[in-house]
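Asker: Full structure from sequences and hints, please.
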Amino acid sequence: SSHEHKLNFQKSKEMCLNYIQDAMLQKQWKRAVEFLTFYIEALEKDFSREYMGPSEIIWRIGSEILWHHSHNGMKEFNSFIEQMKTLAIKRYLKVCLEHVFHLLCNGLIDEAYQTLSLAESWRHGEQTSVQDKEMKLIEAYRGLLDYYSWAKQKHILLEHGQDGFEDLSVEQEMHSCFRKAAVNLKEIIKIPGVWDPFVKCYVDLLEFYGDHDEARQVLNEYAYNSKFPANPNAHVYLYQFLKRQGESKKSLISALKILHDSVPSHELMIDFNTMLQKSKKRKKHRLGLEVIFAALDYAGWKENVKAWSCLAKQLKQIVISEKHLDWIKQEWNSRRDWWPAFHFSRYLAKRNWQENESLSYEKALVAGILLGKDCKYFKYVSHQGCKAQVKRFRMLKKFVNKHNPVYLRISG
Amino acid sequence: MEFPDTLFPSYFGAGSLREVWGPAPASGWGERGQVLGAGPGRRQCRTAFVPRRGRTGESWEPAEAAAVPVLPPNAGCWIPMLTPQDILCHGILRKKLRAGKFRAALDFTRQLSHFFVDHPEDAFGSLGQLLHKNFFLGDSKLTRTARDTTIRMTALMEEIERLEARRGCTQEHLVPRLRWFSHICRDWLFEVPLGVLGDYVHEELLLQCADLLFNDSPTGGALAWLPPEDAGARTGRLVYPGGQAMNHLYFQDVVLEELPRAWGSPAQFELNGRIRQVAAARVDGEDFIGVRSDYHCGVWRVPGRIVAAPTPLQVIRTSVPASCLTVSPHLPGELAVCTQSGAVYLWSVETGLQRLRRDPQTMFFRDHSPWRWSDFTAHPRVLSYADRTGLQCLDARAPERCHFDLFKVGEEADCQQGERVMLPMYLGRAHPSHHLVTTQFSVYVMDERLPLVPMLKWVHMMKAPPLFAHLTPGESGRSHKVLLGASSTQELLLLQYQGGSRSACQLVGPPQKLHSIAGCLQHLPMQLPHCHHLLQQRLGAPAAGLAATLQNDRSQESLLVFQLSEAGDVFCQRLTHKMAQPPARTSVDEAVAAPGSSPLFEDPASSSLGSGSEEEEEEEQTFYLSNVEVISNDEEDAGTLAAPEEAELPQEPYASLQPALAGPSPGAALRYRRWLKALFKVCREPPRHYWLPILSQKRLFIRKELQSPVGPSALHGQVRQQLRQAMREKGRIQRWDTPDALTPTLTQHPELAEGVDTLSTRLTAAWSGDWVPWWEERMSFTMAQRRRALRERRRQQKRARSRCSLSASFTSSVTYQSELSELSDAAPPPLSPGRPPMLPEEGSPLRGSPLASPAPDEALLSSQSLRSRGIPKERRKTLRDYLAVWAEGHPEPPEPPGSQASQLCIPSSQSSQSQLSSASQPRRKRPRMGF
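Residue numbers (the working numbering), protein chains in the order written: chain Y, 1 to 412; chain U, 413 to 1343.
Simulated from the structure, these hints should not be mistaken for laboratory data.
It is possible that some hints are incorrect.
Claimed, not checked - Pairs of lysine to aspartate or glutamate, EDC-like flavour, derived with a Cα cap of 20 Å:
no., chain 1, residue 1, chain 2, residue 2
1, Y, LYS350, U, ASP642
2, Y, LYS30, U, ASP642
3, Y, LYS227, U, GLU823
Answerer: Listed below in C-alpha cells is the structure:
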C-alpha cells in the first residue's frame, strides 16, 4: 500500500542518513559521498513535513564533505552551492551566508561581496523572523566588506598623500564605501547582540570623519544598554575610545569601575589598579587594593607576577606607613579561610620557587605580611632564597621579621 | 586572564525558545557559523577571515580496529539489566514511541502477582496461621465431627501444584475449582492493604520505566584516570567500580604501553551502595577522588607518589539520593554535592558541609526533573549550580545575594524547544573561565565573563544525550580535545576547539566518532550462539564512564581513551596524532573505503550489499532507495524495543555496511582471547532465556489411576512397563509403538528421519567443536537438496507434457537409454566425512524428495491407464520399461557445493535451465528426444 511504501521509504531514508553520518564521523568522506548520491533521491519523494527537509540536509552534508574532500577546490564547491540555493529555497539566505563565509575564509572577498549583494535583493514570499535576522546579517557583512575596501582605499590615499599625490576618484570611492558601510553597520548594532567587529569598524569610520559624539553614543549604547549581553569588550572599547580622546582620569576610572564590577578578573584590572594607585585620593587607593585582591581570587591570575607585585607593593606601602591596616584586615577577612590553601601551600612554594623566582618573591612578601613569618610559603621561599644567596630574599626576610606585629594586628 | 578582543557576531535575544522540536538530523554539518576578520587591515591590504567552525584541526587516528579490554572482566557474574519486556505490556512501548505519543502501558498485574509469589509470608502469613486449623490437607476423608469446621483442600492443592508444574506451558488453562476459590477468597485472604501496595508497586514501576527511557544517575561517569606526577612516567592509576553490585571501588595501577596493562593488584574498598560516579581532581600534587552512590558520598586521597596507597578521608550520608559530586581543582579536600531535593552543598573535609541553596523548583522555568549539578568555577568560592533549565553561579560566601545566570535554556543560547541541560563541566584546565554545557542536542562552551552568550555552539547529533565528558587541554596554542560520551548507546565523540584567551573560540576539525565497546564484537572469535548472546549483552551494556590521558612517547603522541561499561568492564582505545596531515588523511581514506568503490558511482550497491549479506544470515528486510540496498536486521525492527538492546543493535547494521577494516593486531587479539576466556569462566552458567515447558511426571497420573489397571491386556502391560521404565530412568517417553504388536502403519517421513539425523550429527559436530564447518557444509547440502527437488519438479512437469505427445515420439527411447547408462556410469564424487552418504537405493532417507511421488508412475504403468490413454498394446511394454527406469531414479552428477551456493535461489526457470545445462553435459542431448 502507499502508506507502507511511504513508511518504508522514510525508513530507508533514515538509514541512508545514518550511514552517511557514520561515515562522516569516521572521516570516510568517499563513503559518505556514495551514500549521499543515493540520498539525493529523497528529494523526489519528499513526504516529510519536518523542520529540516532533505534539501537542507543535502546542503549541509554536501558542503561539509566538500570542505574536507574536494579535488577541484572552490569551483566544485561553488557549483554545488549554486544548485543548493535553488533547491533549499526556504533556507536561501542561510545558504548564501554560509557560502559567503566559505568564500571569505578562502580569501575570495570580491566574490563574497557579489554573493552578498545578490542575496540582499532576494525576495521570496513572506519573510520569517529567522530570514529577517539572516537578511540583517547579510547586510551587516556587506557593510563590513565595504569598510574593508574603505580601509584599503584610505591606506592607498594615505600612502600616496605622503608623496603629495592626491587622487580624487580614489577619494570619492572611499567616501561612497564609507556611506554604504556606515548605513549597514549602523543598522545591525541597534539590535541586541554581540557585534564586536561591526562596532569596531563603525567607530573607526566615525572617528575618521570626526563624528566623536556619534561614536561615543554608539559605544555607550553598546556597553550600557541592558538589552545587550554583558560583553566585557563593550567596556573595553569604550575605555579605549575615551583614552584615545584624552578624557579625564575620572571618566576612565568610572568606565573601568563598571568593568570591574561585572568582570573582576579582566586583564585591564592591572591598569585599573595602577591608575588608582597614582591617584591622590585615599578612597581610590582603597579601591585599588580591593581590585587587586579580587583579581587574585581567580585561578587564572594565580601565577601572574604583575598582579602579585602590585599587591606586594601596595601592602608594603601600607605596612610601612602603618596607616590603613584595617583595609588589609577587611580584605583579608573574607579570604582568610581559603587563600592560604589556594596560594600559599608548601607545594606551591616549592613549585613557584622552581619555576618562577620573582613570582615566589612577590608571593612570599604577601604571605609574610598576611600570614606572618611562620607561614609555610614564606618560610620555604625565604629559606631557599637565603640559601641561594639572593640579596632581595634576605631583605625580604628582614622586612617581614621587622613587621611581624602587623600580622598579629591583621589576624587579630 | 585575557579576553578575546573581538568575538564572533551573534544575536542576543531574551525570551522563549525556537519553535523547533526534536533533533534535526545532520544539523551539525556544513556550517561555518560566523567569520571574523583577523585584522582590520591597517597595514596589509588583504584581510584574512577565520571561521567559527571548520578550520582544520589536529588529526587523530585510531590505532586499533576496535576497543581493547584493559582489565579482566568484572568478576561476579553480571546481573542482566532490566528490559522493557520485564515491566511493560508486550510491544507497547515501541508502538507508542513510533506514534509519537508515549504513555507506557505497565504490566502492573504481573509485577503484583510476583509479590504474592515472592513474599507469601508477608501477604498471607497471619491469616494462614488463623485458618490452618480449618483447612485439611491430608489424603484421608474427614470425620463427620470435623467436617463442620474444616474443609478438605487436597484436591485444590493438587490442582495448584499441577498448575505450577505446567508453568510456561502454552496450553495453560484455569481450573474451575481454582477460579471458584479465588472468587470467594480474593477480598480477605491477604492482609497487606492492596491499594497501598498497588500504589507503591506502581510508583516503582513508573520510576523503573522512566529509568529505561533515560537514566541520569550515571551522569558524570564512574571512571577516573590519575596521571603520574611527572609527565614522563608511564604508570598511572585507574579508579573504577566493580563487583557484582558495582559497589567495590578499585584503584588499579596501569602501565601505559602499546596496550595499557594492569600492574600489580588493585587497592579495593567495599562500599554499601552501587557506585554511580567517580570524580577526581589534582590539587597540590595530590589526587582527591569523590565517589557518589545514591545515599552516600565519600572522598579519598591519593598522594602523588605512585606506590602510595589511597586513604579514605570522609563519608557523608544523604537522605535524598545525591545527583552530583565534583571535586574542586583549586582547594584540597573540597567538593560540591547536590541532592535530588534541589540542595547544593560545599563540602570541605576540614570544615564539613555548607548548604548554599535548597530549592526544589527549577531555576528558569518549570521542569519535573529533580536532577541537579554543581561544579567549580574560576573563583574558588564561586560554584556553578545547574538544573535541567540552566546554570547559575553562586558565591559560597553569600549564596543568596551574589549569583548570576551563566546559561539559560532559551533564546539567549538559541536553544531548541525541549532542550535540557544534560551535563555541565568546568573546563578550567583549558581556560580558567570556560565551562562546557551539553544538552541532548548541542554542546556549548560558555565563558563566565560573558554569561548567557555561548562562545561556541555545535549540534552534536548524538543519538543519546551525552552524560560523560572529558577534557584533554592542549598546551601552547594547540586545540583542546573534548570527549563526549553517551550512556545507553555507548557513543563516543571527539571534538576539538581552540582559542578563548587571545582569540575567540573556534571549533576545529571535523568531529570524530570513536570506537564503542560493543564494536569489538565483530573482531572477537566466533562463539556458540548462547555465548554470542551473552557476549552481545555484556558488550552492549550501557557505558558508565569515560577517562582519557595523553601519552607522549619519544616520537609519537597518542591519546588513550578508557571506557567503562555498566557491567564493570574497562576498555581502552588509542588514538595517534598524525603530524603530516594531508597525505595521511587521503591514505587512510583509501584504506578504509570499501573495496571497489573508488569510482564514485560505478556500482556501489553491489559492494555494499556484498559486505552486508555475508554477515546476516538471519531474516533480512530490505528496502530500496533506488540502488542502495539497506539491510536491516529484522529482529531489531520487530523486537519490542529495548533500551539496552537498542544500545547494541544499532551497531549491527553499521557493521554490515562497514568497509572491511583491518582486524585487531596480534596483541589486541591476544587480549580478546584472554578476556573471553576469563569472561566465560566467570559466567559459566549461560543465562536462561526462556522457560522450558516442564511437565511433572509425578502428577501425570494420580495414584488411583496407576493402581487399578483397566483391562489387563498384554499391550497395556507392555506399555505400562515401558512407562515405568521411562519413569525410573527419568527419561522421556518418545514413542508409544511397540516393535511387534503395533506395526507402524505410518512409514517414517524421510524428512523427519533426516531431521533426527541432522540433529545428532550437529550435536556431534558441536561437541567436537567444529560445528561451523558442519553448518557451512549443511547449508550447501540443503541447497543441493533443494536443487534436486527443483529438478525433480521440472522433470515431472515435462513428463506431464510428454504424456500428451508420447505416441508421437517414441522411436528414440533407445538413445535415451544409452544416455541414462551414461548418466549412471558417472562415478559419484568422493564424499566428505561429515556428510551423510548419498546412496541411490530406494528408501534412503536422503533421496526422499526425488522419490516422494512414486504413485503417479505406478498409476501410469498400470495397463489400464495406458490403455485409457490410447497407447497400443505392443508399445505398452516399451513404455513400461522406459518408465521403470524413471522410477528407479538415477544419481545426479553432484556439483561442487560452492557453485551451488552461489547459483541457488534464482527461481526463474530460464536461469536454472542454463545453469543445469552447463552443469551436466549429457542433459544437452535431451531435446533430441523431442521433449
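Asker: All hints, please: hold or fail.
Answerer: Each hint tested on the structure:
Between the alpha carbons of LYS350(Y) and ASP642(U) the distance comes to roughly 15 Å, so the proposed pair stays at or under 20 Å and holds. For the proposed pair LYS30(Y) and ASP642(U), the alpha carbon gap of about 43 Å is over 20 Å, so the pair is violated. Taken as a hint, the LYS227(Y) and GLU823(U) pair is honoured in the structure, with Cα atoms around 13 Å apart against an allowance of 20 Å.
When held up to the earlier numbered hints, the structure conflicts with hint 2 and nothing else.
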